Amino acid sequence: MKSTLEFPLFGRRPLVLQKDSAPVGFLRDRPVWNLPNSPQGRFRILLVLIAIGVAILLLRLFAVQITEHEKYLRLANGNILRIVPLPPLRGPILDRNGEILVSNNMNFAVSIIQFGLKDDEDLVMDRLSRDLGVPVGMIEDTFDKVRDVLPPYLPIPVLSHLTIPQLARVQMDLWRLHGVVIQAIPDRHYMKGDLAAHLLGYVGSLSVADMKNSYARHFPPGTGIGKTGLEKQYDALLQGTPGEDRNLVNSQGDVVKKLDPTLPTEGHALKLTIDWRLQKVAEDALGDRKGAVVALDPRNGQVLVLASHPSYDPNQVSGTMSRQLWSSLLSDPRRPLSDRAIQGLYPPGSVFKIVTTMAGLDTGAIDPSRPFFCNGILRLHGWDFHDWKKGGHGHIHLRKAIMQSCDIFFYRAGMEIGPDKMASMARTFGLGAKTGIDLPSESTGTVPDRKWKKKRFGQPWYPGESLPFAIGQGYLTVTPLEMARLMAVVATQGLLVTPHLLMNAPAGSDKTVKTGLPLEHFGPVREGLWEVVNNPTGTGRPVKMKRMEIAGKTGTAQVISNRGPAHHKIRAHSWFVGFAPFSDPRIVVAVLIENGGDGGDTAGPVARQVFKTYYEDYLEAKAAPTLTERK
Amino acid sequence: MQGTVPAGYILRSNRLFLIVILLMIVLGLVTQYSIDWHLAFRQGVWALAGIGLFWICLLIPYKVFLEKSPYIYGILLVLLLLVRFAGHESHGARRWLGVGPIMIQPSEFMKLALLLLLVTLFGREAASDGLRVGRILMAAALTMVPAYLVSKQPDLGTALGLVFTLVIFLILRGVRSHTFFLTFLASVTALPVAWQLIWTHLHSFQKDRIRTFLNPEADPTGLGYHTLQSMVAVGSGGFLGQGIHGATQVKFRYLPGASTDFAFAVFSEEWGFLGAFLLIALNVMIVWYGFDTANSSRDPAGFLLASGLTGVFGLSFLINAGMVVGVLPVVGIPMPFMSYGGSALLMTMVGLALIVNVRLREKG
Chain D
1 MKSTLEFPLF GRRPLVLQKD SAPVGFLRDR PVWNLPNSPQ GRFRILLVLI
51 AIGVAILLLR LFAVQITEHE KYLRLANGNI LRIVPLPPLR GPILDRNGEI
101 LVSNNMNFAV SIIQFGLKDD EDLVMDRLSR DLGVPVGMIE DTFDKVRDVL
151 PPYLPIPVLS HLTIPQLARV QMDLWRLHGV VIQAIPDRHY MKGDLAAHLL
201 GYVGSLSVAD MKNSYARHFP PGTGIGKTGL EKQYDALLQG TPGEDRNLVN
251 SQGDVVKKLD PTLPTEGHAL KLTIDWRLQK VAEDALGDRK GAVVALDPRN
301 GQVLVLASHP SYDPNQVSGT MSRQLWSSLL SDPRRPLSDR AIQGLYPPGS
351 VFKIVTTMAG LDTGAIDPSR PFFCNGILRL HGWDFHDWKK GGHGHIHLRK
401 AIMQSCDIFF YRAGMEIGPD KMASMARTFG LGAKTGIDLP SESTGTVPDR
451 KWKKKRFGQP WYPGESLPFA IGQGYLTVTP LEMARLMAVV ATQGLLVTPH
501 LLMNAPAGSD KTVKTGLPLE HFGPVREGLW EVVNNPTGTG RPVKMKRMEI
551 AGKTGTAQVI SNRGPAHHKI RAHSWFVGFA PFSDPRIVVA VLIENGGDGG
601 DTAGPVARQV FKTYYEDYLE AKAAPTLTER K
Chain U
632 MQGTVPAGYI LRSNRLFLIV ILLMIVLGLV TQYSIDWHLA FRQGVWALAG
682 IGLFWICLLI PYKVFLEKSP YIYGILLVLL LLVRFAGHES HGARRWLGVG
732 PIMIQPSEFM KLALLLLLVT LFGREAASDG LRVGRILMAA ALTMVPAYLV
782 SKQPDLGTAL GLVFTLVIFL ILRGVRSHTF FLTFLASVTA LPVAWQLIWT
832 HLHSFQKDRI RTFLNPEADP TGLGYHTLQS MVAVGSGGFL GQGIHGATQV
882 KFRYLPGAST DFAFAVFSEE WGFLGAFLLI ALNVMIVWYG FDTANSSRDP
932 AGFLLASGLT GVFGLSFLIN AGMVVGVLPV VGIPMPFMSY GGSALLMTMV
982 GLALIVNVRL REKG
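Protein chains in written order, with this note's numbering: chain D, 1 to 631; chain U, 632 to 995.
By construction, these hints were calculated from the structure, which means they are not laboratory data. Check each hint, because a few of them may be wrong.
[To be verified] Partial chain U-side listing against chain D, Cβ under 10 Å, derived:
1) Val-776
2) Glu-900
3) Phe-904
4) Asn-914
[What the hints assert, rightly or not] Listed below are several chain D residues computed to face chain U (Cβ distance under 7 Å; list not exhaustive):
5) Arg-60
6) Leu-61
7) Leu-73
8) Trp-388
Nothing here was measured: the structure is a model prediction, and the numbers come from that model. No residue lacks a Cβ here, since even glycine has one placed at the ideal position from N, Cα and C.
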């Protein structure tokens, strides 16, 4: 038998094999699965083995080099490229005159890069703990918390705010602290201490949750993130873009080559509408009383002052803070963390009479020229409603009723107007809705009406409830900022502005609304408010200034407390809300002092301080000299 | 054509095969060059020596090698003993014999000598009958003596290479079926005992390597480091590779044993899947040529020699590649042509020369 086998691959010579016995040519003539019993047959075993091996090898190479290429490339880059993110400087915050309120301090932190760790990790931790003088458990805890969340080439800060001795010891030891780097991380510095603390907010370290969410995922570890106030509201503007310091390192961790770093870009500077001198005057005037001061420019809604007391020092709260400090702030009965200016909900008291008046003028329940006799008591369904002044105010009309804040006058009007009309007028003045100020977690007051009562308590509105409503008591609650905005409507005779804090607010963000209230209704109200301050018998006479005409309304809001039996002994909240100058209003001020008692006597002087400073800083220089000065 | 063969005929009739060998040498040198040009230079000198030796081994009929195989085996055994007592030590292992600047690793040549001896002693009889137990034991003894010496150097890879050589020979030579089954049964029952013996005699780093193979990613900075870094290098090569200068894993010394055990990883990182595929194709061509030579050989000894050499070559390649891509434990078997090492290269060249030798003299 003859068989011919040609291997065109090798050599030119065609192979001609001659055999007498069984046919040869292992690839062609014999099925592979026959049990091999000749030498030629047996080496098919080897052939099959090698074929299988080659097949496995190719599949494996395909899997590693093509399917999983990305994964291994990333590992390879992690091997050679050490990226140290350069945290950007957070944008500074300035007041309207360019005074720096918030800037950055440099702060050194010790960080660990997981990729840099060798098998002497425990030793490194021990050395680091000795160099820093902190327990090793603390370092490991901080490190372990985030090591699985972050990519292994990112430095993880384990201790910041290093002292110079700590810094020096670590720096000297760095050669044997594999994986440890020292980073300069900017740290927030609140230049004015606790001034405007609530407004500015504070910055906290990136939490594990922050690292996982999409907004903060690409921030370098150790980056601060705004937790409250403007720091939170404008965090994206303030952040800036982190840079990268990129080095090629070899397997020993030595830098082989420095690549061009990408530099961080500083965050945007925030220029505020706040006037820090005015803010300081307001806060000094508040002292350590609980309360809030808001000042607005009624023409455009720029917020000049937004103060809340008691306060805290954001420098101590920002970044890393001690647990004790935090829990003491949280458990303080004076609630220093709450921003009373935008979150405190209080009954507006007599200040609300402005709204009642406007509603009454609208329905005809109030006629400015109609005389009224107040005997100090109103009887309704067998209940007696007293005026704040024993014996009443006698013969009065609208102007005097506002000036002396006569309760009986407004009780009558309220009964006639009814809750729904008063509520809708209150809403026209912006109550019961967010003012839209550019701050997180603003609270909304309650404006009650029949529907609300039904929904809330499942009860109808009782006529007796319209009476306290008319004088700003009962279910009604407002924030100090809402009251300032309300007064701005009166000052501008009909414009409902949106308070805002950013000086160069983007175009189109002005959301001023025309209330459409008739101009002639504002006249009597404004006259009444002028009398409150300027008439010697007005409730707001402590606010009066010689050089600038101020108008406003006092409020002494009864506090109905459901805490403790002695609720009747709790002093009323004092309000003063006003605007100036009377003829061309430039500033609205709202002052609230918790449990301050009489509005004119307690809140009034605080407001006067703000008005006075505003006048001296902004108007005096431009104003024509007065007659006395001319002489 | 039993005696001398004209040179022109050798070149003409095996042109493609010779080109493949030259190409493999060049690829190996390029890979060494990308790691360190000093290595490439030294390996180049060895390659020239290898080509010379290749030619010499073509001119001498392979039967002469077979006749002299007991002497070759004996001399190498003596050399192995010499290594044991007067060898050159490097990296904690005593594997080399130094003659001036030249370092020789006798264990590499032992693989070849063993195969020659086995073929000479057991390959010449009628091949239809399988080997009997007595002869198998003899062959095993001839293998185990050098394997023991080599494993004590320590060089587990080459010792395993010797055992593989025996196994390949037995497969090719054939074993009586009942002998085979008996041996198989005996091996299975003896395995736990043998494993215990082997395990207790392994060096701790050898044990670690085996443990690591079972789970390479458990401790990436420690024991699994070799395998993981090797796979990182291979994987980052991608389809087209990173090129000679872009292969960062080698350049920054992340890959341990880059020039020796993991040279294939370097090659794969530099030339990607495409390059690796090409290299595998070249190796398959050599294996194909070797098996074709064996298949067409009229002389049983020629058949055994050619197919045995081919088997050793192919398995070395596969075991090394399998280790690089993480499917086999790191055992230290070098890849022919790729791994740095003069003795290994010379051995490969002589082996391939003997295959051509058989082809030249045993074909009609």
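Here's how the hints hold up against the structure:
Contact between U/Val-776 and chain D, as hinted, is not supported at the beta carbon level, the nearest pair being about 25 Å apart and thus beyond 10 Å. About 8 Å separates the beta-carbon of U/Glu-900 from the nearest beta-carbon of chain D, less than 10 Å, and the hint is met. Taking 10 Å as the C-beta contact cut-off toward chain D, the hint placing U/Phe-904 at the interface holds, the least distance being around 4 Å. For U/Asn-914, the interface hint holds, since its Cβ comes within 10 Å of a Cβ in chain D; the closest pair sits about 8 Å apart.
With its C-beta approaching chain U no nearer than about 5 Å, D/Arg-60 sits inside the 7 Å limit, and its interface hint holds. Because the smallest distance between the Cβ of D/Leu-61 and any Cβ of chain U comes to about 5 Å, under 7 Å, the interface hint for this residue holds. For D/Leu-73, the interface hint holds, since its Cβ comes within 7 Å of a Cβ in chain U; the closest pair sits about 5 Å apart. Hint on D/Trp-388 is violated. Least Cβ distance to chain U is approximately 79 Å, over the 7 Å limit.
In the structure shown, a violation is registered for the earlier hints numbered 1 and 8, in ascending order.
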